[in-house]
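Go ahead and model the full structure; you've got the sequences and the hints to work with.
Number of protein chains: 2
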Amino acid sequence: MLSVDEARTRILAALRPLPAEIVALPQAWGRVAAAPLHARLHNPPADLSAMDGYAVRAADAVGGARLRVRGEAPAGHPFDGAVGPGECVRLFTGSVMPDGSDCVLIQEDADRAGDTVLVREAVARGRHIRRRGQDFAVGDMLVRAGRRIGARDIGVAAAGNHAWMAVHRRPRVALLATGDELALPGDPVPPGGVVNSNTPMLGALVRAAGATPVLLPLARDDVAAIAAAADGLAGIDMLVTIGGASVGDFDLVQSGLAGRGLELDFWKIAMRPGKPLMHGSIGVGDARLPVLGLPGNPVSALVCSLLFLIPALAVLSGECAADAALQPERARLGAPLGLNDHRTDHLRASLTTTTDGGFVVTPFPRQDSGMLRRLAECEALILRAPHAPPLDAGAEVEILRLDRLGI
Amino acid sequence: MLSVDEARTRILAALRPLPAEIVALPQAWGRVAAAPLHARLHNPPADLSAMDGYAVRAADAVGGARLRVRGEAPAGHPFDGAVGPGECVRLFTGSVMPDGSDCVLIQEDADRAGDTVLVREAVARGRHIRRRGQDFAVGDMLVRAGRRIGARDIGVAAAGNHAWMAVHRRPRVALLATGDELALPGDPVPPGGVVNSNTPMLGALVRAAGATPVLLPLARDDVAAIAAAADGLAGIDMLVTIGGASVGDFDLVQSGLAGRGLELDFWKIAMRPGKPLMHGSIGVGDARLPVLGLPGNPVSALVCSLLFLIPALAVLSGECAADAALQPERARLGAPLGLNDHRTDHLRASLTTTTDGGFVVTPFPRQDSGMLRRLAECEALILRAPHAPPLDAGAEVEILRLDRLGI
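Quick note, the sequences are listed as chains A and B, same order. In terms of our numbering, the first sequence is residues 392 to 798. In terms of our numbering, the second sequence is residues 392 to 798.
You may find that some hints are simply not true.
Which copy is meant is left open, so a pair is good if it fits within one copy or across any two.
[To be verified] Capping the alpha-carbon separation at 20 Å, the derived lysine to aspartate or glutamate pairs in EDC-like fashion look like this:
{"id": "1", "residue 1": "K666", "residue 2": "E499"}
{"id": "2", "residue 1": "K659", "residue 2": "E499"}
{"id": "3", "residue 1": "K666", "residue 2": "E512"}
{"id": "4", "residue 1": "K666", "residue 2": "E412"}
{"id": "5", "residue 1": "K659", "residue 2": "D732"}
{"id": "6", "residue 1": "K666", "residue 2": "D642"}
{"id": "7", "residue 1": "K666", "residue 2": "D759"}
{"id": "8", "residue 1": "K666", "residue 2": "E768"}
{"id": "9", "residue 1": "K659", "residue 2": "D736"}
{"id": "10", "residue 1": "K659", "residue 2": "D794"}
{"id": "11", "residue 1": "K666", "residue 2": "D622"}
{"id": "12", "residue 1": "K666", "residue 2": "D677"}
{"id": "13", "residue 1": "K666", "residue 2": "E787"}
Derived by calculation from the structure, the hints in this document are not laboratory data.
So, in structure tokens, the structure goes:
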């Protein structure tokens, strides 16, 4: 059986970032930059005052000097002239520094009477000026390709005078749950039936990862039904199947996709929860469509999606840091742990903060993968490597925090 | 001047959660539950097999016994009969346990020949059964009111047979930037002009907080223009003004809103960047509309939005943990810090991980609040209390991580 890391490496290696599209600046939030964005102007565009006060010449602005106010320059209304010897111009935060001036006398240090200002404190040359291009210059890179766009990136792109951004297209992910036992949420549940929680749950996870879910209708446990579902995948970037468990995980899915040119990469990995995980591709038109087959158990499906689907969507989205969501953090155990077996384990756990700002992570006593409500309540997964030794309470472990991922 | 904490307490105290609306389950992701959600069925809905194998009676399932296979029960197709002495029924993960059976002989421990199964390993009563209601029972609370809905909550709501959820309405936030110097991103920038980065940046921040931004057209530095903008706020839940800096922060905004019944709570707080912060309300129809006035400097506006607007939107959204985004973490300083003055400071900093899993946070050498690109590059803010003493490199400080907030 493959290790978790090997499996992830093989899944990600088969993927390429999707092509670019242009979106209006406000729509770029949460997307991934497809090209570096360069400044179209200097910021600030001119030497600006950083304070409310008076534009003066440092040579004149000595304590006790009196300067004549030649005019004013509110932000957006540059002074149409120059500051000569013995003169000053009233200005405000963001005002353009008038010609001839070389520093700002802040208003707290100025006594104004009519057209005259008394300098109460000398000013050094260059004081309280935000220099043209001090933040960035024309041509400077403002946003690098592959970066997930946050609000501050939108701000800096706007400041660089961009109304549009090139971003990678959102991955479209088809979710296909299979099983005769499944009913849609809210529908009547027949005897022996269960509600399909996986499709809406993983649809939300796909959205949390910045991609677009396409929730396919449920497929019966029938090879022809699964094959038929695979015929409606034009425009889809990844197929995620869920379950097939009633006749052994994935047997049926593999049979159903076999007639659609399934090339199987692997279908079993050494992890818990979630041993059966299928990876491969099918033919759609002339192209190959990546396929990820998740176990039907919702706890297993969610953990496998965190470990494999979210990074896969990051690669398709063009994100540089494909494993950004999977950076483990450290916490101390709130309860002892036994020896782990040969499978990487992901223990559902609660998280508390200690007075010194550290974290204590306590595994739930029951780790049954049928416990969906416990999964929803857990705040972190404790990562346990194969054959990890027993640990006492207080020992340090690696965790993945779920509360921050929108999942 | 108010402290940051006092200011936030006063802003939040003036707000109430918005009313509820009903959304289809997939649309509930990222919203806040307006009512507790209770299970409509047991999960599992019946005793189910946790494995592929055979439903047997523990009394029969002793090593070496041979059992007659009476039929099979794939998931979704319960066996229509009972398992009698010396009998078994083929089943799969998720199959309903047939009447008469009390445990599962897993297929790895069974040798099948025709209609007979040889028991290779004895099975204890109750083994490999997921009990009806083991995850949750009818009426159990699945999602508590005030919880921000993640993918796992969607999953558990679906498993409880819900196709809809009651969530708080999304706050609608009007953003009004003022200033004669402002140009829209992409437009020609006249001499003395600057591009308005605040409205799109804060619009993205509002979206990151799960609310809906309404980007108002730019208002000139004119009392009548600002008053006129305040006349189009029906259906808005909060007004955020930005700037007015050309004649002293907020003077003009306060004058413009005075004719719309402005009741000022405060307008200055002891923090950096961002001293001028206005809080109050205006009259819209018969109601009071909360108003937050941000400084026009983009760095100040962003930091003030993080500290005050994001928690305010959490309260309007009905979220229990209104300060969830503001939980400080601990990191060690990568460079010494001097004595702080009387204002709470928020130093822009980079963050690196040490080999032992800790964080080192290094303040940027220049903290000029005109440096928008540096703000976009920073990964954390170092929190410095008023009069905080000098610290050596290696000392522990509190930080707010920005990279996780979508801002």
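query = In ascending order, which of the hints set out earlier in this document are inconsistent with the structure?
reply = 3, 4, 8, 10, 11, 12, 13
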